[in-house]
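J.: Here's the letter readout for the chains.
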Amino acid sequence: MKYLIIAVKILMVCSLLVARRSALGSRATSHGPREKLPYVYTEWKHFTVNTGLPNDHVFAIKADGPKVWVGTENGLACIDKRTGKIKSWKEKDGLPWRVVSALDVNPKTGELWVGLFGGGLARFSGGRFDHWHQLNSGLVNDVVYGVAIENDNVWAATTAGASRYNTVTGEWTIYTEKNSPMEEIWNYGVSYDAGKVYLGIWGSGVLEFDVATETWKDYLDPDGEMEIDLYRDDGIVHVISTGTSYIDGILWVSTYFGMNRYDGRHWRGFYEHETGLPSDFGNAVKGRSANEAWFATDKGLGVLADFPSDTWVTYTMDPNTHRGKAVVSQNQKVLEAIDMPKSIPHNYALWVEIDGNDVWVGTSKGVGWGIGPGYYKGLKDRAVYKAKIVKIKAEN
Amino acid sequence: MKRYMILLSAALVLGALSCAGPEETKTEGLESSVSAGRLSADVDPETLEVLRKINSVSAYEVPDLGLREDEVYAKTAQDVEPFRHVTPFKEHFLLQIEYTGPGRAIPEPIDVETVKLGFIGPIMSTVSVATGGKSHEETLGIKMLQGVRLAIEEANVRGGYLKRNIPFELAISNDNGLWGASGNEIIKLAYKDKVWVILGTIDGANSHIAIRVALKAEIVMMNSGDTDPTFIETNIPWVFRCISDDRQQGYLLVDYLYRKLGLKRVGVIRGSNRYGRFGVREILDGSRRLGNPIVLEMAYDLGIQDFSLQLERLKRENLEAIVHWGDAVEGAQILNQMRAMGMKQPYFASDRCLSDEFIGIAGANAEGVICSSPWNPKGKNKRLTEFRKAFRKRFGEEPETFAAHAYDGMNMLIWAVQVAGLNRAKIRDVLAYRVRPFNGVTGDIMLSSCLDDVGDVYLAKRKKGKWNFYSREELKIPRGYIPRRDRVSRPPAKL
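Just so you know, the protein sequences line up as chains R and P, in that order.
Here the first sequence is numbered in the numbering used here, starting from 1 and rising by one per residue.
Here the second sequence is numbered in the numbering used here, starting from 1 and rising by one per residue.
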């Protein structure tokens, strides 16, 4: 009996050790040389229909304190970060339309603004949904792709122009080709920061709206051709823009043909074949600083972790083992390839949200929460997990 | 002791769970049909291989289907390429775009009584942004709907969706409204009507709105009537087109005007809508790149009757030919007013003037007019003969461009549904990776890497009261040199 007890104890201690090593991921075994490297998210949690999401096809995420709002193809959800519990709303619960394509929170009031894909715009406050659509308001179209709060205004990027709703006065303003330099009116994304609203427009590049002066500026692909990008850094890489993110005076842009960074004077284009981008098909972008941006693509998550040194972290999920992989590369050389138990829940990434030290990723198969208590900006001297100086393409 | 035995059991269970692989959702459906020899449509061996691969992946895997590569985008001759003296940093649309989402793993639903197929087109008169007033494309949209109806009715006569022996059902939406209306309609078709595929749209602006929705809703959108070149230049893996576009028609016309006829001074008059604006782009660019820039381009607001302002200015330019890009009514009115003003230049027009409406207004002036055409409606084609007969029997009238291409497009979709089953991603796959041309009534349809029909286009000449259709070869129209080179994997241009 005594020996059996000892054997059981040994077995349990071994199990715990194995489990701990697995939870820490491969980093626990890192013994490589030290180099200047970016932070890599190795701890991930997934949320899917199995854990309470109303639908796995995630179009938008908005973090707001302990709450993380999730817009899906069939319902709205709220994840409580502290407990991991999920509450959801479908049409039967008052959500005006099933497909939630955009989210933003008014920091003054805490109200959640919900862009509905074919259902207009909704405000969720005090447990009640208020609904605006093209027949009862100045919303220019019910197919809403993006929502952004600018001061007391709510912007909605719709398939037939942009609408701006003043929540104090109730006044609506519509922007189309009639009163703005929209070559096409097919708005895709909208973002606001530091007095400027940026619209990502399908077929019309990016439009900048200066809130103070109410003036517009347009950014188009200078070569004017759909089938080529003549010079990489001459402007936006393509006019089919999908997302914008303005932070620290830097504009980040995603398109279906590559990505961009603009510092007000210089443009820089990013393509898959020469960076850590997993794909040129960019569904969304979120800038974290002037030097860090997260790109959600159809083949994974590409993070430009440090712009000056061209250092990238590419997150993917192994479709067979479902384990995660993060590849750190610099100027097309792989510096580090980290295998981990989990990463993003699916390689078709549709949205990114920065939440303090954490990140949230919306994919076609659920939400991934990257937990980063030790997150640091830029590069830091740390041990290399596995130095492998090979070309990205050669490795692939 | 009992407590330790429980702990031991729990540890073993946990160990077993940790050793287990990730959950796999392998799809079922047509693979069983294939193995059982119950395939319900003509399937070539290459498509069978596509089926084998797409039916064996989980929601997380992307099947290796071999991406289509084009050496040259849209068969563009070297001397009409944009910025041809500079190697572009990046060339798009040469490599087929993949669908990498989880849609292939969605199982085929059991509880369907019909297989719904969507149609969206201008079929009811309404307000049009393009005209600033009454809409104008219903005549084309109704023809398109007729072609779709005929294809579905014939499929139902053959047994409908053969795997289940249930009929196909047509769900119809009108898109001839204000910009943006088509987006709402696609959402209705995709989420409320729950159609499996959608065919439609003519207006370029409505088409772009529709395909953006189709991309997010993940549903195949087949276009049979929008010849705007930019329609397909959007990198959307869900979008197909079964009609040759204005780029192809423009290239042929440019070659005819300059390489064949040796003209130097050509003018353009076009509608101020998207069809006119984007339709003439390749003519404008091609003319300039071949050293004969268009002398004058005049646009007109849709719905006007008097074109004297535009024509007087064109007349002053001593032009050798005039090209019109716009609808049939305006095309005929412009031609009549040109002739009345003594302008005797050859008159070239886009395929929309290949219509009874144009002839009815232009009358004798139509003699000698040359139009581009995305197909040869008088070609020797048994399928076309049978289609004409069936169309006349069903609708009591002749089919034209929009009816014929819609008929082909819907037949392509029906084939894909029969082969792939009721799964939107797989329907896309069998169409996107089909390596053999689709034998349609409009000719053989072979899709490019960006899923566009870049088949032969024609010139139609009006002679002795009839349209005669000629291929490039029949008219001995020289073609610019198209270099064969691997552009997909070439090193990037230096910065």
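Keep in mind the hints are simulated off the structure, nothing from the lab.
This one's a predicted model, so the numbers in the text were calculated from it and none came from an experiment.
No residue lacks a Cβ here, since even glycine has one placed at the ideal position from N, Cα and C.
Be aware that a few hints might be false.
Computed beta-carbon distance windows for the label pairs [as the list claims (entries may be wrong)]:
hint, chain 1, residue 1, chain 2, residue 2, range
1, P, V112, R, K85, 42 to 50 Å
2, P, K75, R, K333, 45 to 53 Å
3, P, R484, R, P181, 34 to 42 Å
4, R, D318, P, P107, 18 to 26 Å
5, P, E153, R, T83, 50 to 58 Å
6, P, K75, R, K108, 36 to 44 Å
7, R, T83, P, K75, 42 to 50 Å
8, P, E46, R, G356, 35 to 43 Å
Each computed DSS-like pair below joins lysine-lysine, with the alpha-carbon atoms no more than 30 Å apart [claimed, not checked]:
hint, chain 1, residue 1, chain 2, residue 2
9, R, K90, P, K192
10, R, K325, P, K53
11, R, K90, P, K188
12, R, K67, R, K92
13, P, K194, R, K87
J.: Are the hints correct? Go through all of them and say.
T.: Here is how each hint holds up against the structure:
1. The hinted window of 42 to 50 Å between P/V112 and R/K85 is violated, with their beta carbons roughly 36 Å apart.
2. The given range of 45 to 53 Å is broken by P/K75 and R/K333, whose C-beta atoms sit roughly 39 Å from each other.
3. Between P/R484 and R/P181 the beta carbon distance is about 41 Å. The supplied range of 34 to 42 Å therefore holds.
4. The hint said 18 to 26 Å for the Cβ distance between R/D318 and P/P107, and at roughly 24 Å that hint holds.
5. Separated by about 57 Å at the C-beta atoms, P/E153 and R/T83 satisfy the suggested range of 50 to 58 Å.
6. At about 57 Å, the beta-carbon gap between P/K75 and R/K108 misses the expected band of 36 to 44 Å.
7. Between R/T83 and P/K75 the Cβ separation comes to about 60 Å, which falls outside the hinted range of 42 to 50 Å.
8. The hinted range of 35 to 43 Å is not satisfied by P/E46 and R/G356, whose Cβ atoms lie roughly 51 Å apart.
9. In summary, the hint linking R/K90 to P/K192 is supported, as the alpha carbons are separated by about 15 Å, within the 30 Å threshold.
10. Proximity of R/K325 to P/K53 is assessed by CA-CA distance (about 25 Å); at most 30 Å being required, the pair is judged to hold.
11. Distance check on the hinted pair: R/K90 and P/K188 sit about 18 Å apart at the alpha-carbon level, within 30 Å; holds.
12. Straight-line distance between C-alpha atoms of R/K67 and R/K92 comes to about 22 Å, which keeps the hinted pair within the 30 Å bound.
13. Of the pairs offered as hints, the one joining P/K194 and R/K87 holds, with about 27 Å between alpha carbons and a cut-off of 30 Å not exceeded.
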